[in-house]
Each structure stands twice: as C-alpha cells, then as structure tokens.
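Residue numbers (this note's numbering), protein chains in the order written: chain A, 1 to 326; chain B, 1 to 326; chain C, 1 to 326; chain D, 1 to 326.
No lab work stands behind these hints: they were computed from the structure. Glycine included, C-beta positions come from ideal geometry on N, C-alpha and C. Just to be clear, a hint being listed does not mean it is correct.
[As the list claims (entries may be wrong)] Between beta-carbon pairs, the in silico distance windows are: (1) A:231 - B:293: 21 to 31 Å; (2) B:33 - C:287: 55 to 65 Å; (3) B:235 - A:33: 50 to 60 Å; (4) B:293 - A:45: 49 to 59 Å; (5) B:145 - C:159: 54 to 64 Å; (6) C:182 - B:40: 42 to 52 Å; (7) D:177 - B:45: 53 to 63 Å; (8) C:1 - D:86: 50 to 60 Å; (9) C:1 - D:147: 42 to 52 Å; (10) B:146 - C:1: 41 to 51 Å; (11) A:231 - B:231: 20 to 30 Å; (12) D:1 - B:35: 34 to 44 Å.
[What the hints assert, rightly or not] Derived pair list, reagent style DSBU-like, types lysine-lysine, alpha-carbon separation capped at 30 Å: (13) C:6 - B:6; (14) D:163 - D:322; (15) C:73 - A:322; (16) C:322 - A:6; (17) B:73 - D:322; (18) B:181 - D:322; (19) A:322 - C:322; (20) A:322 - A:181; (21) B:181 - A:322; (22) D:181 - D:223; (23) B:73 - A:223; (24) B:223 - A:163; (25) A:6 - B:6; (26) A:223 - A:181; (27) A:181 - A:6; (28) B:6 - D:322; (29) A:73 - C:60; (30) D:223 - C:6; (31) C:322 - A:73; (32) C:163 - C:60; (33) C:181 - C:73.
Number of protein chains: 4
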Amino acid sequence: MNTIGKILTLTTFGESHGPAMGGILDGMPASVDIDLDALQRFVDRRRTGQTAGSSSRDEKDRVEVLSGIWQGKTLGTPIGFLVRNTDARSADYDDIARCYRPNHADFTWERKYGIRDPRGGGRASARETVARVVAGGIAMQALECLGIEVEARHLPVDETILKSVMAEGDTMGGIIECTVKGVPVGLGEPLFGKLHAQLAAAMMSIPSVHGFEYGDGFEMAAKRGSEVMDLFEQREDGIIGTVTNHSGGIQGGISNGEDIVMRMAFKPVPTLMREVPTVDCDGNPVTLQPRGRHDVCVVPRAVPIVEAMAALVILDNYLMKKTNVL
Amino acid sequence: MNTIGKILTLTTFGESHGPAMGGILDGMPASVDIDLDALQRFVDRRRTGQTAGSSSRDEKDRVEVLSGIWQGKTLGTPIGFLVRNTDARSADYDDIARCYRPNHADFTWERKYGIRDPRGGGRASARETVARVVAGGIAMQALECLGIEVEARHLPVDETILKSVMAEGDTMGGIIECTVKGVPVGLGEPLFGKLHAQLAAAMMSIPSVHGFEYGDGFEMAAKRGSEVMDLFEQREDGIIGTVTNHSGGIQGGISNGEDIVMRMAFKPVPTLMREVPTVDCDGNPVTLQPRGRHDVCVVPRAVPIVEAMAALVILDNYLMKKTNVL
Amino acid sequence: MNTIGKILTLTTFGESHGPAMGGILDGMPASVDIDLDALQRFVDRRRTGQTAGSSSRDEKDRVEVLSGIWQGKTLGTPIGFLVRNTDARSADYDDIARCYRPNHADFTWERKYGIRDPRGGGRASARETVARVVAGGIAMQALECLGIEVEARHLPVDETILKSVMAEGDTMGGIIECTVKGVPVGLGEPLFGKLHAQLAAAMMSIPSVHGFEYGDGFEMAAKRGSEVMDLFEQREDGIIGTVTNHSGGIQGGISNGEDIVMRMAFKPVPTLMREVPTVDCDGNPVTLQPRGRHDVCVVPRAVPIVEAMAALVILDNYLMKKTNVL
Amino acid sequence: MNTIGKILTLTTFGESHGPAMGGILDGMPASVDIDLDALQRFVDRRRTGQTAGSSSRDEKDRVEVLSGIWQGKTLGTPIGFLVRNTDARSADYDDIARCYRPNHADFTWERKYGIRDPRGGGRASARETVARVVAGGIAMQALECLGIEVEARHLPVDETILKSVMAEGDTMGGIIECTVKGVPVGLGEPLFGKLHAQLAAAMMSIPSVHGFEYGDGFEMAAKRGSEVMDLFEQREDGIIGTVTNHSGGIQGGISNGEDIVMRMAFKPVPTLMREVPTVDCDGNPVTLQPRGRHDVCVVPRAVPIVEAMAALVILDNYLMKKTNVL
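Generate coordinates for the entire structure from the input sequences, incorporating the hints supplied.
Written out as structure tokens, the structure is:
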C-alpha cells in the first residue's frame with residue numbers, strides 16, 4: 001500500500017530509475033494559497049550535494065504540478081505531481097542485479113514479489129522520498145496559514161568523526177529531532193490513532209529510521225512518575241498549559257497545545273565504499289565492489305523528509321478534528 | 001477512529017465504568033481452531049494482582065464471544081466479543097471530574113470533544129486494552145497454526161528500587177521487549193506500510209508508550225555502517241539468512257525471516273499515591289489527594305497487550321501478503 | 001468486511017442464531033442528544049408481525065447500548081451496542097444444513113469460506129439488519145438536530161394480489177422509495193464517492209435489493225436532455241434552486257439542496273411455502289419442504305432499514321464536508 | 001476522495017483543461033504481463049469521433065506509464081500513469097465561468113468548495129474517466145490471465161430517433177449492459193461489501209449514471225418468488241450451477257459462478273445545442289448559447305468506462321478472496 005493519511009491522503013509512485021517519481025495529494029481543502037516557487041525551494045533542500053556527508057549528484061528535482069492548484073490556489077481536487085528522473089545510469093547497477101546487498105531491501109523485496117527492479121534499488125530507493133517532500137511541502141504551506149510551524153534538525157555530529165568515517169569508506173547514522181509549534185489542543189484520535197502513533201508510523205516509514213520517541217521518550221522508562229509530571233498552570237492570558245513538557249505535547253494521544261517534540265534514529269547508510277561479502281540469489285558467495293556515489297550519512301538530507309511527514313500527519317489530524325462536533 | 005488493521009481489523013468500544021468493553025475482530029479467515037479456554041487464560045494474564053507492582057483489583061475479565069466462532073472454529077464472519085465491567089465504583093472518581101490530572105488525558109479529551117466521561121478515565125482508561133488482548137489472543141492462536149510465535153517480556157527492574165518507589169508513593173516506567181519468531185519472509189508493505197511502521201503505530205497506540213525501536217534501534221544512530229551490517233549466508237538447509245540481526249528481522253520494511261525484535265518504552269504511571277497540585281477546568285489551583293488503588297508500574301500488565309498488538313499486526317500482514325501474486 | 005462509512009463508520013457482527021447481533025458506531029460527534037426510548041421504537045418498526053405480509057415471530061429486539069452514550073448524550077467515543085437473539089430454534093434448520101436453498105446464500109457462502117453456520121442462515125440471515133437499524137436510528141437523531149429528515153415508504157401493492165400470492169405459498173418483491181429532505185448543498189465526494197454512489201452501495205448492501213436509482217433513474221435513459229433539465233431559479237428568499245427535480249437532489253455527485261429521492265427494487269422472498277427442488281452439497285437432488293414461518297414480502301420490514309442506511313450515509317457525508325475548507 | 005478499491009486501489013487526478021489527467025493503480029500483483037499497445041487500443045475506444053452520437057474532437061489520449069511496469073511485467077509497485085491534455089481551448093469556456101449550467105456540477109461544486117475551475121468543467125468533466133479506462137485496461141489484462149472476461153454493450157437505440165434528436169439540438173440517454181464471464185465462485189464480501197454493492201458504487205460513480213441493477217433488477221420487484229428462482233443442478237462435469245440466472249451471477253453478495261450481468265442507466269447529455277435559460281452565481285437570469293462540440297449521446301463512449309470499472313472491482317475482489325483462508 002502506497003497511501004498514507006485518512007482525510008488528507010498521499011499516494012506515491014515511482015522507481016528510482018524509471019521515468020518519474022510522483023504522487024497524488026488528495027483531500028487538501030480548497031482555496032489554500034500555494035507558492036510553487038517556495039515549494040520548489042523546499043524540495044531542493046532534499047537534494048544531494050548540500051553538505052559534507054552527502055553525495056554529489058545534482059538531481060535537479062523539478063516539481064511539475066499537474067492538477068489541483070490553479071492560479072496559485074488549491075481547488076479542493078487531488079493534487080497530482082511528478083518529478084522526472086533525469087540522472088539515471090542503469091548500467092551502474094547491472095552487476096548487482098543478482099546479488100543481495102546487506103542491509104538493503106534486495107532480498108526481502110525479491111522474496112516478497114518474486115521479481116524486482118534492480119535499477120538503483122527500484123522502488124526501494126530512498127529516491128521515493130522526493131514525492132513525500134513535494135506533498136509535505138504543500139501541507140506545510142497550509143499549516144503556515146494556520147500558524148503551525150514544523151521544524152526538524154539533525155542532532156550535531158562531530159565533523160572529525162564524520163571525516164574519519166568517510167576516509168575509511170564507512171558510513172554513519174544519526175538522530176533528527178522535530179518540533180511542531182502552534183498545534184491547537186485536540187488533534188489526534190485517542191485509541192489506535194493516537195497522534196504520536198500516527199507520527200511514529202509516518203516517521204518509521206522513512207527509509208533507514210530504526211527508532212521513534214516523543215517527549216522524554218526512552219528516558220521515561222527509567223524515570224519516576226514524580227520526575228516527569230507536567231504540572232498544569234493557568235497562564236496570564238487565561239490559557240491552561242503545562243509548566244514542563246516531558247510529555248512532548250501529547251497526552252492520551254491528543255495534542256495538548258505545547259510543542260510537539262519527537263526524535264527519530266537513523267541507521268547508517270548500508271552502502272559502504274569498501275568491499276562487502278554477500279551472496280547472490282542462488283546463495284553463492286560474491287563480493288560487492290565499492291562504486292558509484294553514495295552518501296556517508298543521509299541524515300542531513302532527511303531533515304526535510306521528516307518535516308514533510310510531520311506536516312502531512314498534523315494537517316490530516318487538523319482536518320479530522322473538524323468532525324468531532326456536529 | 002477506533003479501528004486498526006487493513007485485512008484483519010479490530011474495532012473496539014467501551015468506557016472504563018460503562019457496562020462493558022468489547023470489540024469486533026473482522027477479517028479472520030474461516031476454519032481456524034480457537035480454544036476459548038486458552039483465550040481466557042491469555043486475557044487473565046492482563047489482570048491486576050499478578051505482580052508486586054500491580055494493583056489488587058480482581059477484574060474478573062470473563063470473555064463473552066458473541067459471534068464468528070462456532071463449534072470451536074472461526075466462521076469467516078466478524079468475531080464480536082465483550083467483557084463486562086463488574087468492579088466499577090464511580091464514586092471514587094466523582095471529585096476529580098472537574099480537575100485535570102497531570103499526565104492523564106483529562107484535559108486533552110475534554111478540549112477535543114467538549115465533553116468527557118470522568119468515571120475512571122472513561123474511554124481514556126487503560127481498561128480499553130482488555131479488548132485488544134481478547135482480539136490479539138485470537139490472532140495469536142491463528143499465528144500458532146502457522147508456526148509463528150510472539151513473546152514479550154518486561155526488561156528486569158531492580159526489586160529494591162521498585163519497593164522504594166512504592167514506599168514513596170511514586171511510580172515507575174519500564175521497557176518491554178517483544179520477539180516474533182517464525183515469521184515468513186515477505187511480510188510488510190514497503191512504502192508507508194513498512195512492517196516496522198505498522199508495528200510502531202500499534203505499539204505506540206498502547207497507553208503510556210513513549211518510544212519504539214526495532215533491531216538495534218536508537219543505538220544504530222551512533223554506530224557505523226560496518227558495525228551493523230547483517231551479512232548474508234546460505235545455511236546448510238539451503239536457506240539464505242543473515243549472520244547477525246542488527247536489523248531486527250526487517251529490511252526495507254519487509255520481514256526477512258529472522259526474528260523480529262522490538263522494544264517499547266513505557267512512561268511511569270501518572271497517578272501517584274501522593275498529593276499532586278493541578279488546576280480545575282476553570283484554571284483554579286487544586287490539590288489531588290492520593291486514593292484508590294493504582295499500579296506502581298503498569299509494565300508487567302502490559303506484556304500481553306504488547307503480544308496482542310504484535311499478533312494483530314503480523315497476522316494482518318500475513319493475510320495481506322497473499323495478494324502479492326495473481 | 002463488515003464496516004461501512006468513512007468518518008462515521010458502522011461495523012456489525014452476529015449470526016442469526018448465535019447469542020447476539022450488534023455493532024459499533026464510531027465517529028459520532030460528541031454532545032449529540034440521543035433518546036434511547038425513541039431509538040427502541042425505531043428499531044421496533046423493523047420487527048416482524050406488523051403487517052399482513054410479515055411473519056409472526058416476536059423478536060423482542062431490545063437494544064442494549066454498551067458505550068458511547070452517557071447521561072443522554074454522545075461522548076464522541078464509539079457506540080457499542082447489541083441485541084440478543086432470544087427466539088432461536090436451531091432445530092428448525094438442521095435438515096437444511098447440507099442443502100443449498102435456491103436464491104439464498106448457502107452455496108456461495110460455503111464455497112467462499114469452506115464452512116458455514118447453517119442455523120437460520122447464520123450471518124447471511126436478514127437478521128443482521130437489526131444492527132444497521134440501531135446505528136441508523138442513532139444517526140437519524142443526529143440528522144434531526146440538523147433539520148435533515150429521512151423518510152422511506154413501500155410503494156403500494158394490491159392487497160388482493162398479496163393475498164393470492166400468500167395463498168399459493170408464493171412470495172413477492174417490491175419497491176421502496178426514500179426521500180431525504182433538508183440536506184444542505186455540498187454533500188458528496190465528486191469522483192468515486194459521489195453521494196449517489198455511496199447511497200447505491202449502502203442500499204445494494206441491504207439483503208434482497210436488486211436495483212437502485214435516483215431522481216428519474218432508469219427513465220432517464222429513454223428521455224431527451226430537454227425533458228429532464230432542472231432549470232435554475234432564484235427564489236424569493238434569494239436561494240438558488242431548481243424548478244424541477246429530475247436529478248433527485250444530486251448533481252455531479254454532490255447534493256444540490258433539493259430533496260434527495262431514490263428507489264430500491266427488492267426481489268421476492270426466496271423461501272417459498274411450497275416444495276422446492278434443489279441439490280445438496282454433494283450435488284444430489286433433494287426436495288425442500290415448506291416449514292417454519294417466513295415473510296411473504298419483506299419490503300414493509302425493510303422500510304426502516306432503508307431509512308437507517310440513508311441516515312448513515314448522509315450523516316457521514318455531512319461530517320466529511322467539514323473538511324472541505326481549511 | 002479520489003480513490004476506489006480495497007486491495008487494488010485506483011487514485012486519480014486531473015482537471016479537464018489542466019496539464020494532464022492521471023492516476024496511480026496500487027496493489028497490482030507482481031509478474032503480470034501487460035501489453036502496453038493493447039492498453040493504448042483499449043483507451044482509444046473511449047475516444048471521441050467513433051460513432052454517430054459522439055463529438056469530433058481527436059483527443060489523442062496517449063498513455064504514459066511512469067512506474068510499476070518494467071520489461072512488460074508488473075513489479076508489484078504502484079503503477080503511475082498520465083495522459084496529457086492536448087486539445088484544451090479554455091477560451092471556449094470563459095463566458096460560462098459565472099453561470100450555472102443546468103444538470104451540470106457547476107452549482108454544487110462551487111457551493112461545496114467555494115471555488116471552481118471553470119475550464120471545461122475542471123475535475124467535474126467526463127474527461128476524468130480517461131484515468132479510469134487506463135487503470136481498468138490494466139486490470140482487464142490481469143483478468144484475462146485468469147480467464148475472466150468483461151464485456152459491455154450499449155443497448156441499441158433507433159438510429160432515426162438519434163438523428164432527429166441531433167437535428168433538434170437535443171440529446172439522449174441510454175443503457176449499457178455489462179457481462180462478466182468466468183468469475184470464480186466466492187468473490188464479494190457478504191455484508192456491506194456485497195459484490196453487487198461494490199459494482200453499484202463503481203458504476204454509479206461514472207458521470208451521468210442514474211440507475212444500476214443486476215440480474216433481473218427492477219423487474220424482480222414485480223415478480224413472484226417462484227418466477228425468479230434459480231434452481232440448482234449438478235452439471236455433467238460435476239459442477240453445481242443454476243439452471244437460470246435471474247440472480248445475475250451473485251447470491252448473498254457473493255459470486256456464484258454464473259455470468260455476472262448488470263445494467264446501468266445513463267441520463268441524456270446535459271449540454272444542449274440550443275439556447276438554455278439559467279442563472280449566474282448572483283442569481284441573475286442569463287441565457288446559455290449553444291457552442292463548442294458536444295456529444296449527443298455519451299453512452300457509446302461509456303462502454304469501455306463501464307468495462308474498466310467492472311474490471312477494477314472484480315480484480316479487487318479476486319485478490320481480497322485470497323485472504324478468506326489462513
């Protein structure tokens with residue numbers, strides 16, 4: 001299933017080395033101002049080549065909006081869009097078509113479907129995230145109109161470690177923290193659709209993410225109840241809020257008006273610039289040679305992806321909340 | 001939305017102090033043997049009073065199956081079930097009806113719906129999980145037929161710490177690790193429906209869970225690619241597997257045949273056996289008095305809940321996989 | 001799948017001769033006044049024994065609401081309910097357990113699931129509709145608050161024909177027309193979720209319905225464009241409406257503010273009070289003997305079922321419409 | 001919501017005079033042979049200009065498949081596709097942007113969303129059906145592999161009536177009958193997802209359809225039970241079937257192995273080649289002048305659309321059925 005969301009749904013398509021990646025963002029309310037130049041700039045943030053740890057391909061991800069936005073405003077109709085794949089070099093991948101790269105989806109994909117597109121990982125390539133960023137960028141513009149702000153950042157890594165990892169042909173993981181400010185009280189469905197459960201699903205669907213936590217997260221497990229209690233107070237403006245935010249802006253699965261704070265753990269890039277032993281589809285041992293261009297660390301590129309997924313979930317729940325009262 | 005699942009869906013209902021909790025498990029294949037006594041025993045594991053850290057209420061959660069199982073076999077029809085609420089003492093909760101208990105869902109629930117059932121937390125009570133355990137227990141029996149085994153455990157806590165926490169009227173969190181053995185290769189939808197994304201959503205929907213990770217999880221973020229690489233090997237029986245399991249049995253969102261391993265962080269119980277300052281719905285300061293019987297640590301009771309949610313997700317994906325080929 | 005609806009969902013369970021029928025109505029907004037006595041009276045309209053063509057069983061369908069309604073108001077939580085099966089006489093059905101009754105679901109159900117509950121048709125019995133009527137009755141009360149009125153009627157049949165059909169041990173079909181008044185402009189999703197497509201699906205899901213049409217329906221096919229054109233006019237109150245209503249209150253899949261008018265064709269009851277030849281599950285010819293008590297015509301009993309399904313669809317779309325603008 | 005289907009889902013996008021129409025067909029099993037030339041020929045059948053009653057625009061609907069099919073086979077990934085809009089002449093529609101054309105979706109669309117794309121009806125144009133035909137054409141190729149055949153036909157109209165209607169600038173409706181042969185026993189979900197309920201929803205979602213019936217349909221309402229009884233027989237090959245097919249191949253919402261037969265009533269084209277009185281968005285009377293090129297009768301063009309929708313529903317249910325047993 002390639003769809004996420006309930007009212008605001010995103011369905012995506014595209015293989016890494018096929019003609020295009022794209023998607024349909026459905027359920028966007030009508031009459032929302034969309035700045036396509038700003039959208040392109042947001043998508044550009046995902047591009048390679050921006051930071052030391054990223055590879056140097058210039059992907060030129062030009063967004064083509066095919067429907068749903070007219071004269072700078074949403075129509076209430078589905079927003080179809082695509083991004084052409086321009087820099088595909090299938091030949092780079094021919095000899096790995098029969099091999100299972102460790103920590104990639106080659107093996108599982110082939111066993112699941114009985115067939116796989118070996119060109120650059122096909123649909124399993126992280127390139128699929130470009131469609132998420134386009135859709136999420138549109139959602140972010142809608143959230144901005146509502147005074148809701150999504151911001152993620154790569155928790156700092158030591159540049160000297162990064163350089164030594166790179167020099168050794170190795171790779172690194174990392175953590176992204178995402179904060180959403182200005183979320184009204186009441187978003188989230190309190191049973192299976194808890195706001196943090198939806199956020200977890202969205203974040204864990206980003207390639208390489210191995211962990212999710214919100215508020216004090218895993219640290220909560222080692223703390224006492226008295227240590228993590230977010231006491232209520234009435235503020236000067238009459239609003240009831242909490243003094244601390246161990247709960248990360250969500251209680252009982254519903255936003256409480258405080259900042260939503262979550263963290264995602266990314267595994268290291270699975271493609272090393274070293275020889276790696278593996279097996280082919282017949283089980284024979286083979287050695288993968290280092291080649292092509294690959295990121296040492298994908299985490300910086302993943303920042304706008306995290307923001308995009310957060311924006312989609314928050315806006316979906318914002319719309320959903322409208323149905324709480326008759 | 002009180003439904004989870006795609007093919008195998010569970011929809012639940014019930015307020016803590018209403019007449020009953022219950023649910024409908026839909027999409028169960030026909031002709032699966034169900035042992036209702038074994039199911040009752042599984043549900044009993046969730047009951048209070050089993051461990052030092054649990055409260056002493058005897059909830060007597062007798063499962064009534066109302067449909068979908070006949071003569072010990074599933075019919076392919078929806079399985080309706082309920083568990084009566086027998087030990088409700090609403091009076092215990094009357095004076096907190098106007099107060100917002102910190103780290104509970106009182107405030108968010110009331111602001112979301114404009115109304116709330118204050119009796120024992122209403123729908124926001126952890127009592128709702130009994131319906132999950134019933135449904136998950138049925139799913140587990142189906143998985144057993146398939147040779148798939150789900151097992152969770154509370155990662156050990158120091159008994160002396162637990163006692164001192166209890167003595168101080170304080171509470172504790174904890175971590176549950178869950179392992180699923182015997183999962184065939186190929187379960188999971190590789191984009192938004194990655195197996196671990198579905199598991200994360202299911203686990204994060206359990207009350208008090210603040211974090212989810214699978215495989216090496218958050219540790220992955222600090223490791224190098226070469227350290228976490230699960231190299232492939234062909235085993236003596238010809239099966240291709242991995243030598244290590246840093247990936248936790250899932251690659252690219254699809255099960256790879258290794259054990260699925262995940263961990264969930266639970267926050268400490270929010271109800272202390274101490275005085276707690278808070279505000280009422282008008283924002284006036286009030287003090288909550290310790291009363292009633294509450295768990296010092298819910299984590300031991302949550303073990304079967306975790307197993308239930310894992311079972312539901314795995315069986316749903318097992319069924320979903322059948323549609324991969326024509 | 002035993003669920004219908006998008007925001008307002010109904011999931012039902014129950015076999016004809018199992019312990020109970022029931023369901024969960026999820027997504028009802030909070031704080032809606034529900035009169036449970038009025039609900040019981042609505043459900044009673046479905047009971048047997050009310051008209052000449054119905055059988056004489058007194059089903060005593062007492063509705064038990066288990067959650068979601070408290071102190072006369074909805075809580076915003078799922079409404080769980082059940083109706084016990086009190087008049088089950090399984091013995092009546094034992095000898096037909098191996099036979100396929102013509103125009104029943106015996107054959108298809110058994111081939112689909114490899115198993116079937118022969119007691120009174122099991123889940124395939126029209127008794128399942130009691131859960132629809134409970135849920136639809138709740139939805140109708142919500143619609144009344146909104147000034148939306150649902151009313152269905154059995155298009156008249158000649159009483160002398162009915163009597164002669166009954167005398168011959170034969171059965172009859174019929175047509176129900178349903179009108180929904182007071183629907184605001186703008187309900188319905190204009191592509192696959194056209195309001196009339198959703199109504200068609202809901203109505204065609206009622207047992208025995210073989211046709212659906214709205215507005216001029218099948219007559220439209222033989223008419224000219226100029227004959228069925230609903231010209232617009234501005235009325236004295238400034239409202240724009242149509243002079244005629246050939247379109248049945250829906251244009252482009254969206255309600256236009258005029259009365260929604262639809263008709264459903266019901267097939268004759270498949271159980272005759274005559275000997276009927278058929279085959280058993282081995283293909284051997286057998287003769288079914290007339291027995292038990294069966295309706296000559298189910299259409300009068302189906303009137304509240306039609307109203308219930310209409311109410312569920314209209315309320316679901318009313319809620320959905322709230323998400324059209326930011 | 002612009003998505004239809006459960007396992008096999010189609011999501012579409014596109015406004016009539018925007019850059020392109022398109023869609024994503026998700027859930028197609030892997031390794032299905034797809035002949036793209038045959039697909040293009042199927043899509044061409046929907047084109048204008050083929051019959052006396054159709055308009056003469058040459059839409060040149062060239063299908064671009066962007067993903068999901070590689071080397072002539074499906075990959076199990078979503079199939080993204082588009083069809084460019086090449087013959088758009090927005091100027092033709094400028095003066096009707098403020099008017100509500102009778103029996104069109106102008107009024108309802110504008111009131112629902114507060115905004116509408118007036119260019120050729122925007123998303124409300126029947127041009128949206130091109131995406132359905134592309135997806136349905138792919139589904140039909142899969143069904144052919146399974147020995148399932150979908151065929152629709154326009155029930156004959158008198159050519160002299162058609163000519164006189166055309167001469168008068170008037171339009172006509174019509175009926176399409178669709179037959180599906182080779183459907184295995186057991187497709188369809190017996191409660192809300194009855195096979196005929198799903199077919200009804202799919203067919204009623206086609207622009208201009210005002211009625212749906214299957215088997216003897218509306219005639220059933222006037223018949224006696226004894227007249228429409230499809231008696232079972234065991235055939236020479238041992239298969240159990242029915243002697244007649246009044247039930248249209250579906251009993252209890254589940255296919256019974258006989259031909260599925262259904263009929264859809266189409267209303268006359270709402271755009272006349274005559275002056276038509278209406279109102280503008282301020283309620284002022286205006287007169288629409290005949291202009292542009294419009295079909296006298298859309299029914300011949302709708303034949304492949306009906307086949308496409310039938311194919312999507314049948315294949316979806318074929319896949320769904322795989323989950324009935326463990």
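To see whether the hints hold, each was checked on the structure:
A hinted range of 21 to 31 Å holds for the C-beta pair residue 231 of chain A and residue 293 of chain B, which are about 24 Å apart. Judged by the Cβ atoms, the range 55 to 65 Å given for residue 33 of chain B and residue 287 of chain C is violated: they are separated by roughly 35 Å. For residue 235 of chain B and residue 33 of chain A, the Cβ-Cβ distance of about 59 Å falls inside the hinted range of 50 to 60 Å, so the restraint holds. Evaluation of the 49 to 59 Å hint for residue 293 of chain B and residue 45 of chain A yields a pass: the beta carbon distance comes to about 53 Å.
Taking 54 to 64 Å as the suggested C-beta distance range, the pair residue 145 of chain B and residue 159 of chain C conforms, at roughly 56 Å. Distance hint check for residue 182 of chain C and residue 40 of chain B: the Cβ-Cβ separation is about 50 Å, which falls inside the suggested range of 42 to 52 Å. The supplied range of 53 to 63 Å is met by residue 177 of chain D and residue 45 of chain B, whose beta-carbon atoms lie about 58 Å from each other. Between residue 1 of chain C and residue 86 of chain D the Cβ separation comes to about 41 Å, which falls outside the hinted range of 50 to 60 Å.
Distance hint check: the CB atoms of residue 1 of chain C and residue 147 of chain D are about 26 Å apart, inconsistent with the given range 42 to 52 Å. Here the CB-CB span from residue 146 of chain B to residue 1 of chain C is close to 22 Å, at odds with the stated 41 to 51 Å. Checked against the given bound of 20 to 30 Å, the beta carbons of residue 231 of chain A and residue 231 of chain B, roughly 51 Å apart, lie outside it. The supplied range of 34 to 44 Å is met by residue 1 of chain D and residue 35 of chain B, whose beta-carbon atoms lie about 41 Å from each other.
A threshold of 30 Å between alpha carbons decides the hint, and for residue 6 of chain C with residue 6 of chain B the separation of about 14 Å falls inside it, so the pair holds. Distance check on the hinted pair: residue 163 of chain D and residue 322 of chain D sit about 50 Å apart at the alpha-carbon level, beyond 30 Å; violated. Using a Cα cut-off of 30 Å, the hinted pair residue 73 of chain C and residue 322 of chain A holds, with the two alpha carbons roughly 19 Å apart. For the hint linking residue 322 of chain C to residue 6 of chain A, the alpha-carbon distance of about 14 Å falls within 30 Å, and the restraint holds.
Restraint check: the Cα-Cα separation between residue 73 of chain B and residue 322 of chain D comes to about 19 Å, which is no more than 30 Å; the hinted pair holds. The straight-line distance between the Cα atoms of residue 181 of chain B and residue 322 of chain D is roughly 24 Å, inside the 30 Å bound, and the hint therefore holds. Only pairs whose Cα atoms come within 30 Å are accepted, and residue 322 of chain A paired with residue 322 of chain C is accepted, the gap being roughly 6 Å. Of the supplied pair hints, the one linking residue 322 of chain A and residue 181 of chain A holds, its CA atoms being roughly 20 Å apart against a limit of 30 Å.
Our distance criterion of 30 Å between C-alpha atoms is broken by residue 181 of chain B and residue 322 of chain A, whose separation comes to about 42 Å. Proposed proximity of residue 181 of chain D and residue 223 of chain D is supported: the alpha carbons are some 26 Å apart, at most 30 Å. A distance of roughly 45 Å separates the Cα atoms of residue 73 of chain B and residue 223 of chain A; the hinted pair therefore is violated under the 30 Å criterion. A threshold of 30 Å between alpha carbons decides the hint, and for residue 223 of chain B with residue 163 of chain A the separation of about 15 Å falls inside it, so the pair holds.
For the hint pairing residue 6 of chain A with residue 6 of chain B, the CA-to-CA distance comes to about 13 Å; that is within 30 Å, so the pair holds. The suggested pairing of residue 223 of chain A with residue 181 of chain A holds, with an alpha-carbon distance near 26 Å, which does not exceed 30 Å. Only pairs whose Cα atoms come within 30 Å are accepted, and residue 181 of chain A paired with residue 6 of chain A is accepted, the gap being roughly 22 Å. This hinted pair checks out: residue 6 of chain B and residue 322 of chain D have alpha carbons roughly 14 Å apart, not beyond 30 Å.
Proximity of residue 73 of chain A to residue 60 of chain C is assessed by CA-CA distance (about 56 Å); at most 30 Å being required, the pair is judged violated. A C-alpha spacing of about 36 Å is found between residue 223 of chain D and residue 6 of chain C, which places the hinted pair above 30 Å, so the restraint is violated. Between the alpha carbons of residue 322 of chain C and residue 73 of chain A the distance comes to roughly 19 Å, so the proposed pair stays at or under 30 Å and holds. Annotation: proposed proximity of residue 163 of chain C to residue 60 of chain C holds, straight-line Cα distance about 27 Å (limit 30 Å).
About 25 Å separates the Cα atoms of residue 181 of chain C and residue 73 of chain C, which keeps this hinted pair within 30 Å; it holds.
In summary, the structure is inconsistent with hints 2, 8, 9, 10, 11, 14, 21, 23, 29, 30 from the numbered list given earlier, while agreeing with the others.
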